[in-house]
Amino acid sequence: MTRRDGERTRWTDEMLDELADSVSELRESVSEVRDSVSELRESVSEVRDSVSELRESVSEVRDSVSELRESVSEVRDSVDGVRITAQALLQIAAQQQQENEARQAEITEIRQRQEESDKRFEVLLSEVRYLIRQIKPGD
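Residues in the sequence shown are numbered consecutively from 0, following numbering that gives the first Met the number 0.
Warning: the hint list may mix true and false statements.
[Said to hold, decoys possible] Label-pair restraints from in silico Cβ distances:
no., residue 1, residue 2, range
1, Arg33, Arg2, 44 to 50 Å
2, Ser63, Arg33, 53 to 59 Å
3, Ser63, Val32, 30 to 36 Å
4, Arg40, Leu18, 28 to 34 Å
5, Val71, Asp34, 49 to 55 Å
6, Tyr129, Thr107, 43 to 49 Å
7, Glu38, Ser58, 52 to 58 Å
8, Asp20, Arg40, 27 to 33 Å
9, Val122, Ile91, 42 to 48 Å
10, Ala85, Glu55, 43 to 49 Å
11, Ala19, Ser58, 56 to 62 Å
12, Arg33, Val71, 51 to 57 Å
13, Gln94, Asp117, 33 to 39 Å
14, Val32, Thr8, 30 to 36 Å
Since the hints were derived computationally from the structure, they do not count as laboratory data. Source: prediction; values computed, not measured. Where a beta carbon is used, it is the ideal one built from N, C-alpha and C, also for glycine.
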């Protein structure tokens with residue numbers, strides 16, 4: 000072998016060593032990329048699961064909001080009903096108060112008439128007694 004052939008062989012060996020190192024590094028890089036891709040797939044899967052759970056949560060919140068709106072509407076209707084009932088009761092109470100006052104006035108008037116009748120009766124009774132006394136001595 001000539002010196003040139005030796006240099007070429009050495010250069011070829013160096014190049015092959017460098018190529019082998021590069022291939023080895025490339026394989027490591029490919030392995031790392033595969034690991035990263037695998038981790039990324041897992042992360043994407045986790046994100047999908049999280050998004051799915053979030054969608055379910057949003058759906059549940061929407062349902063809860065709908066139920067709350069219905070409850071608020073029912074409470075408003077109930078409050079309106081109570082308000083109407085309260086107004087009706089106030090009107091009835093006012094009417095009963097007026098009727099009670101009218102009855103009280105009638106009772107007062109009846110008592111006054113009774114007192115007047117009692118006085119007239121007492122007067123008549125006195126006159127009857129007087130007349131009876133007048134009639135007795137003359138017997």
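Worksheet item: Has the hinted range 43 to 49 Å been met by the Cβ atoms of Ala85 and Glu55?
Response: Since Ala85 and Glu55 have Cβ atoms about 44 Å apart, the given range 43 to 49 Å holds.
Worksheet item: So the hint says 49 to 55 Å: do the beta-carbon atoms of Val71 and Asp34 match that?
Response: Since Val71 and Asp34 have Cβ atoms about 54 Å apart, the given range 49 to 55 Å holds.
Fill in: Consistency of beta-carbon spacing, Leu18 to Arg40, with hint 28 to 34 Å
holds (32 Å)
Fill in: Whether the CB-CB distance between Asp20 and Arg40 falls inside 27 to 33 Å
holds (30 Å)
Item to complete: Look at the Cβ atoms of Glu38 and Ser58 and judge whether their distance stays inside 52 to 58 Å.
Response: violated (30 Å)
Worksheet item: At the C-beta level, are Ala19 and Ser58 separated by a distance inside 56 to 62 Å?
Response: Once the Cβ atoms are compared, 57 Å apart, the range 56 to 62 Å for Ser58 and Ala19 holds.
Worksheet item: Between Tyr129 and Thr107, does the beta-carbon spacing fit 43 to 49 Å?
Response: Hint violated: Cβ distance 33 Å, outside 43 to 49 Å.
Fill in: Verdict for Ser63, Arg33 (Cβ pair) under range 53 to 59 Å
Since Ser63 and Arg33 have Cβ atoms about 44 Å apart, the given range 53 to 59 Å is violated.
Item to complete: Look at the Cβ atoms of Val122 and Ile91 and judge whether their distance stays inside 42 to 48 Å.
Response: holds (46 Å)
Fill in: Status of the given 33 to 39 Å range, CB of Asp117 versus CB of Gln94
At roughly 34 Å between Cβ atoms, Asp117 and Gln94 fall inside 33 to 39 Å, so the hint holds.
Fill in: Beta-carbon spacing of Arg33 to Arg2 - inside the hinted bounds 44 to 50 Å or not
holds (45 Å)
Practice prompt. Go ahead and decide if the range 51 to 57 Å is satisfied by the Cβ distance of Arg33 to Val71.
Written response: For Arg33 and Val71 the Cβ distance comes to about 56 Å; the hint holds.
Hints 2, 3, 6 and 7, counting from the list given before, are not met by this structure.
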